[in-house]
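Participant: Residues per chain are reported as follows:
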Amino acid sequence: MNKQQRAARAAAASRGKKVSGKTIKRLMEYVRKYKASFVVVVVCIILSAVTGVIGSMFLQVVIDDYITPLLKQAVPDFSELFRAILIMAGIYLIGVVATLLYNRIMIIISEGTIKRLRDEMFEHMQSLPIKYFDTHAFGDTMSRFSNDTDTLRQMISQSIPQVMSSLITIVAVLAAMIMTSWALTLLTLAFVVLMIFVTGRIGGKSGSYFAKQQEDLGIVNGYIDEMVNGQKVVKVFCHEEKSKQEFDALNEKLCKSATAAHTFANILMPIMGNLGNLLYVVIAIAGGAFALSGFGGLTLGGIAAFLQLSRSFTNPITQVSQQINMVVMALAGADRIFELMDEQPEEDHGYVTLVNAQYNKSGELCEAEMNTGIWAWKHPHEDGSVTYTRLQGKVEFFDVDFGYDEKKTVLHNVTLEAKPGQKLAFVGSTGAGKTTITNLINRFYDIADGKIRYDDININKIKKSDLRRSLGMVLQDTNLFTGTIRENIRYGNLNATDEEVYAAARLANADTFINQLPHGYDTVISGDGGSLSQGQCQLIAIARAAVADPPVMILDEATSSIDTRTESIVQSGMDALMSGRTVFVIAHRLSTVRNSDVIMVLEQGRIIERGNHEQLIAERGKYYSLYTGAFELD
Amino acid sequence: MIKKLMHSIREYKLPTILTPVLVSLEVAMEVIIPLLMSMLIDYGIERNNMDYIINMGLLLVACAILSLFFGAMAGATAAKASAGFAKNLRHDMFYTLQDFSFRNIDNFSNSSIITRLTTDVTNVQNAYQMITRMAVRSPIMLAFSLVMSFSINPGMALIFVGVIPILLVGMIIIVKIARPAFERVFKTYDKMNNVVGENLRGIRVVKAYVREDLETQKFRKVSGDIYKNFTLAQKALITCMPLMMLCIYACMLLISWFGAGKIVDSGNDPAVGFTTGQLMSLVSYAMQILMSLMMLAMVFVMIIMSRASAERVVELLDEKSDIKDCDNPIFIIKDGSIRFDNVSFSYGKESNAKPCLSDINLDIKSGETVGIIGGTGSSKSSLVQLIPRLYDVNGGAVYVGGVNVKKYDIESLRSEVAMVLQKNVLFSGTVSDNIRWGDEHATQQEVERVCKLAQADEFIRQMPDGYDTMIEQGGSNVSGGQRQRLCIARALLKKPKIIILDDSTSAVDTRTDALIREAFANEIPDTTKLIIAQRISSVQHADKIVVMDNGKIIAVGTHEELMKNNEIYREIYISQQKGGDEDE
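From first to last, the protein sequence lines stand for chains A and B.
Basically the numbering used here = 1-based index in the first sequence + 7.
Basically the numbering used here = 1-based index in the second sequence + 443.
With the rest of the complex left out, here is chain B (with noise of 0.2 Å):
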């Protein structure tokens, strides 16, 4: 995990190397300064040596500058390699995604994406940039401080060893039972979070069935548990202070004890042995080393608590796309004919999953206009799903041109079939901006023509600003009807061999869907089109219509055929007659 972390420091080895170094030599700085206070202490007020203490002084003033300079450029190391550590991470993350077929979005939530996206990378950067300071600075300084104790005095230095084992088996204790609670408390909030964010999305159905006290009720719960495992993390996590402040004075206590009998052997000269000034020292280093044992501590349950987004970011980026071009692809569609040969499939990786397609054969010629009909769960989309190869058939083939689609170069194959998704989605942009999706590079002229195909033109021309309205994010400020024609624009812009629709007129008015349909016929004769609908009326004049039943193809004829030896097309049309809104 850690390794495929690493991989993404890339261009901020340097800051990130640099920082522990320089926090080294802030550490050593700052070791040193006690050292030259004791000294001036020692040797100049004790002694009233004035030029001691000016030199002593300027040495202490040019040591705490160069502390500064050390520490302020750790900081501004640090800060550059945590933010573009994080960067990278984004950039790699988010490239992966792109990545991605539609099998692999359909194993993450769009929800989870999102927050591995945005909250686990600021904990992994806050993480990264703990790990670069504070656990080189803790144990360096820990290092020093007791080379240091150990230099000034051994046997006085001994009594840190009889502490810091203390100090540690508390703070594992501390760590043991705070992590646990902790990691209830985050998996509560996330509860929390939902309760609210359905309430908020759901309140018209709160309030219009009375259950405000129910939904109180399920709050008063969540929070409830939300008190009652922080209140014990939080218990666990504080008494570290008072232990700390136990370690320090029980040392500050023994250092005196000891220290005071050590210096009246020595007469308290330093040429003899110990002496106050020492003893002084060696307090600030007994500060020194359990603060930054303590602080040791904290960057561990720091980087225990940002293990759990650590490891929900390297599974995104371990994610494997599962469509990839293989070797030597075909760049050229030649025709827009497409074959099912025999195709199964099914959503699920595992070779038991529920078969969703099977027997699928089919075939239709370049140019034709193919219907296709059925129920809810029948599996349309997943048809039509495999032909741009959104999806990799279990079983069996999908030609296109005559050529198995896994031959081909994805781009080279999408660009050749433009799908109107079911659930469509414009982005935040003018209108102009979401036709051009289809080709960037397409004249204002081009765009207009497919607009007017799609039948929208009309409606974009009424908008404020006609085709340079903007489009709020996820096309909530035009219609559903608005939005699939525009979306059916996108698609014809880039004049592909094969279009299809799925579902995508399905808010539209059954005239303006005729239009379209009559454009499709007379401006674009040579495309395939496979159109899924609900309405029999959108597929009625096709050349072929397909019904689907179950994930199988269990007709194919024209309308006519269909309404004499079909059942299920027959019930089908019946409902819609008795509705009564075909009068065509």
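Just chain A, same shape as in the assembly (with noise of 0.2 Å):
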């Protein structure tokens, strides 16, 4: 670890604690719903502690209080024992009964505020501008709903119940021995404080191992991530044996940093046990000491008593100790929660909505109550008035400025033109600023200068959802859902008929090979398209959008899996597709963008060139060099 790593850390950490105490009383919030069970928890665990201490000292109330008067009976009378053991019996009975129930209303709101904690989560992530989804890792963010929910339940449900009734153990286990002898329950408060301090020590290694342990084991299970991924390269290119060594020495590595970790927790048991069984010997020594000078007034029954107890005393620390781990851990996990339902979720101010329109008598556009197949902006002013506009895909912007982060600009002075029917396309190298201005389109970011206009009507004002759902979109990365191919076209409409689908799949070309599998449209998928070619996948995304029927399309190298032979039998789809839409498309494939009605070349986030093929040819551009291949594109 260098310096920098280090400090990376240590600020972390710090962090972290600052903020334990808030997390703590946000975590009290949720539970907060529990307040009746909790009350009952609480004195459940107490019910449970006490007995369990009542329990310990049981036996000696027997021997002195029973057997040996007993012993000086000459006919020994038992129904006082068997009275008093009948009580017990009683009493141990709440005990278990309240141990039973405390665990069990405790895994309801364990599980309970999990749920809530995860569903909220989940719905607060569903939330989040897709800037969020750009700027943080995949893994760390699902790590958030498996790993750290995961601890914050264990400490809910087992380390809370424990630690309370360990703690509940040892004020009461501590009375007592402050009642039976002052001076004895003295050398026991020094011996646990050394026992606190063992294992602060040894845990505290452990910790910073188990970290090397989890750092490791990132390696490694990133090097397979690699290696599995490029296994046919491997193999392509014989580096089996160089591959195998490389793994070996971080395998290595890992076994040694888990070795190490696994030591430390696993001594840390034997020794806190014994040092247990050492302060029985120094208590029965220092008692045995006391109690023949007489000093404290200690007697041999109370030796015995304190014995017993001291037993009693250790082993909930011993217990505590160990949780304070899991609960520092859990707190972590839970702090990174709250992290994450802290973000900022997308804003939308936007007030004009999509409804269902149609023509009046007097020839009006109006709000209608079904599905006519004509749509209106409806746009409600300040006077109280509504003016509807009819949806027709008309896009503008005007110089448009945009950057991912305040200080660099990717997109200067864009301005540009879509009519309703419109082909736009988009031509240049990777990094010219292409899918941002899509990006832009449906709102996923929104723009630092400028204005962006949709039917005439500022982008600001409307509402997300209803401007997303005018807009159609198929991406290179298809991303499909796990579920049937039906599902997953229909995922365009929910409310599209059996028939509808079937129709959106044949317009992409993709009836035919959904037809010859085995389960037809009822094959399940997964996300990654499971068996199904990346070309397969882009026929259903398609499929997907024209079950959609949006007004504007966006098609950001929607057909770049596609052999150019499939994708000339897909074109006639993809042509029935584009009819009467505005369509924004990408691609790398001048032959795809050819017949677009403006094509803009971009450079570094300026349009260098537009206008459509046969004026760009003249023009001798750019777009000239890039079609005659005299020029590449990245």
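Hints may contain errors.
[Unchecked claim] Computed footprint of chain B on chain A; a stretch qualifies when at least three of its residues, placed anywhere within it, have a C-beta under 8 Å from a C-beta of chain B: (1) 62–70; (2) 110–123; (3) 141–155; (4) 266–272; (5) 278–284; (6) 476–483; (7) 490–501.
[Claimed, not checked] EDC-like mimics (lysine to aspartate or glutamate), calculated; alpha carbons at most 16 Å apart, straight line: (8) B:K866 / A:E233; (9) A:K471 / B:D656; (10) B:K671 / A:D126.
These are calculated hints, taken from the structure and not from any lab test.
We treat Cβ as the ideally placed atom computed from N, Cα and C, and that holds for glycine.
Build the complex from these two chains, which are given one at a time in their own frames, with help from the hints.
Facilitator: This is how it looks when you write it as structure tokens:
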């Protein structure tokens, strides 16, 4: 670890500590719902702990108060003892029932809280802007849903009741010990300080080795991930031996840190247990000496009782010290969960909504209750009046500037106009800003300067969900969802009938291969498409967009994984899909964009050429050189 | 299955055996300690014998130190054994994986291989540590404690004989209920991770279609399932503790009651019979016996839970590579000629699997340039993958240099047949490191030469650190076209007799594509070149063009011949001409 990393880690640790107070408070809010149950839990824990303490004292009481007197009786009368045992049985039963009860309630509390946390976290995640997803690592967010919530669950259901019960036990036993002998109590406390010190040291050591183990495990897992994903390349290059060697070296390192981490964790128990044993001996010797010298008025029975108590005292301390690590880890997890929940959600101040519309008798556009096939923007004004604008799919950019972070502008002065039904294409190298423009149309990102109008309405005024509903998207990454093919196509329009789904599939030319699958449209596919080829996934994604039937379509490298022959077949479907719609196309193959109404060549965030194919060829500029292959596109 | 796993213990046999031995010794100490304690009370404190207290105390301290020593040692050996076992297991799995053929790789999904090598191994490792420590500890503790109890007072010890079965039956019932519920929990967990993962990856689609509510509903359903099953499983599991308490308390009360009678009978004289000190030790043994029973039950649950992981690990270890060197393999490949003789092939293992290639007959002379054209799913890639024997044919034979590929040493064959795959991958490391995959010992000049050939030199030099620029995992910091050219350079560095480009220039512009082809023709004229392409322009000038459709070769010829005779070829050509990116 270099200095910088260490500093970062220390900073993170100190920050974590500061937040913990707040984190606990927030967690309490979640538990508050279970206030009544929680009171029951506390009562039950007290009952259970007290019966435990009474239990450990019981034997001494039986011996001192019943058996010893019985020994002195000529004709022993066991009825007193019998009654005591019956009473004790009653007390024990209460303890057992209390334990069962609080554990069960805690499970309901912890599982309920965790479910609520997870649901809220997921819902919040859905509301976050695309920027969050673009700037946060996949695994990082994943682990907030799995690891972090899991440790938190364990803390709530196990650590909290156990720590509470242990603390109550400690207090009760401590009281009993002080009553028996304050001198021996002091001795015991001194010993306990030593125990806590030892656990702290070993726990700390073990913790840092565990962190090292996690780090090494991360490296090994990363290497495995890389090699498995590149497995076929490894084979083609006969690189097996080399990768085996590299793997062995990493694996060896992991083994070392894992051994160290587990060793420290494993030796904690014997150390604590035997320190308890040592304490026992020390008390016996000191107690014996005190009793002989008459110091502190200690009786023989008192020493025996104290010895018993000392055992009941050290056990909960060991338990608490073991739980503390757990609690710290869980609070760190809770911190990460709340961090996600505190992320600023996507803002939406839009008030213009999309409604079904129809023309009334006087030829004016007005709202309709049923799906009429005509859509309109419902635009309420400050004076209370409402105007309706027919949804047509006109998109205009006026002097738009944009940067993903404030310092670096990636789009400069972009002005463009897409008339309803026009096909606009963007051409340019990677990083020229093609995808960025489409990200602005559907407001995945908001512009820094300038204006974008949709059907002559500033898109900032349009409700985001309605804006997006009016835009269809087909991306290079198809991103299907686990489910049947039918469900995946229907994703575009949840109300689509089966017939509409089939029609969309036929339009995208996906119908043929889907029907050849053993289960046809009911074939279950996983998110990455499973057994389907990349091209087939893209066809499904196109069908998904087709069934949504939006007036504006964005096709971002939508056919890049389809070979040209298939593309030419799909092309007719695509043409059908595009006809009557405003379409934004980003494509690598110039053949795909050639028939666009306007082609825009982007370079470093600026539109440097625009016009149709013939005009651009005649211009003999960048497009021309791209087209003739004199220039390359990356 | 266990035998297979045991095989991975190897050099960690000593700590593996030592752990239970040390644990047994620790347990012995733990059993002796309460005995000594009871004697300390009976003969020392009760009789006010300070010398006895000190002697016994010292003995106790010695025992505690020994117990500490054994315990700590056992902890260390257990850690060493389990971490080492996990290391070997990962090692074995990784080595098995490296020996996999393409067909083996296809049998497992990438994510499943990764889970097996990571999470599953960790589960097995934890279970292994549990077994070496707890699974020995509990029975020994149980046995010791029972023996001690019986030696103290056989009559009283019978109480345990009555209580133990009750506890056992209770445990079995609990495990029976909890196990299937836990299994359901783990399955739902996978589902939840899947939903979260898909949403993280596909958030643009979710937002574009405004499906946030649908996805939230989907998630709620899964998290509801987790809630339901987890609550059920946990509720069953937590019954253990109260059940355990019930048994301990019952034992204590019974021991007290019957013990009181016996003590009164004996007059609390150790010489005559039962004493108060013995009563107390008996109670501690009762605790130990029941505790170890509970531990045993927990170990049992752990083992069952990790069994699924162990099975998945063994499944991978058991996968046999179906492509192996033959006896007396040939190491020298004479030339770059290729011949397909009546080849048929399918990806499925079963004979009734849908054939992917059939009736393939093709003759390629050494040094020829051959283009392969066909639609998606026409099995172009499958055809060329048979040449470096990435897959074995189902029928017929493939000959390289006049010899059946099955007769070659695989490594020799593959180093002469370089292949640039369609789904190509770069690895984390510098540009040079990546290129040197082709030949570890290549000089910098050689590396630069092949990069020039692949038209990659120019853009590499423009990168911040030139040839020392770090490539990120998966090659995410180079564009598609750049990646393809790096992969071609990597293959060229092998100086192969045959080079196969499987759609490897699709993201490269036409001009660069042409330059690569030109460089190929001029610089490596003797190498046989197979080019799979979507663009006709990429193969137009080949000596021979193979047109494939639906797993069959439907035509072979030059561009001019095919334009004349082959409809599909013409159709492809026209579709691309219409796009008009050909001006050559």
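Participant: Look at each hint and say if it fits the structure.
Facilitator: Here is how each hint holds up against the structure:
1. 62–70: holds (count 5)
2. 110–123: holds (count 8)
3. 141–155: Held - the stretch 141–155 of chain A has 5 residues with a Cβ nearer than 8 Å to chain B, which meets the minimum of three.
4. 266–272: holds (count 6)
5. 278–284: holds (count 4)
6. 476–483: holds (count 5)
7. 490–501: n = 3 at 8 Å, threshold three: holds.
8. B:K866 / A:E233: holds (14 Å)
9. A:K471 / B:D656: holds (14 Å)
10. B:K671 / A:D126: Satisfied, since the Cα-Cα distance of roughly 14 Å is no more than 16 Å.
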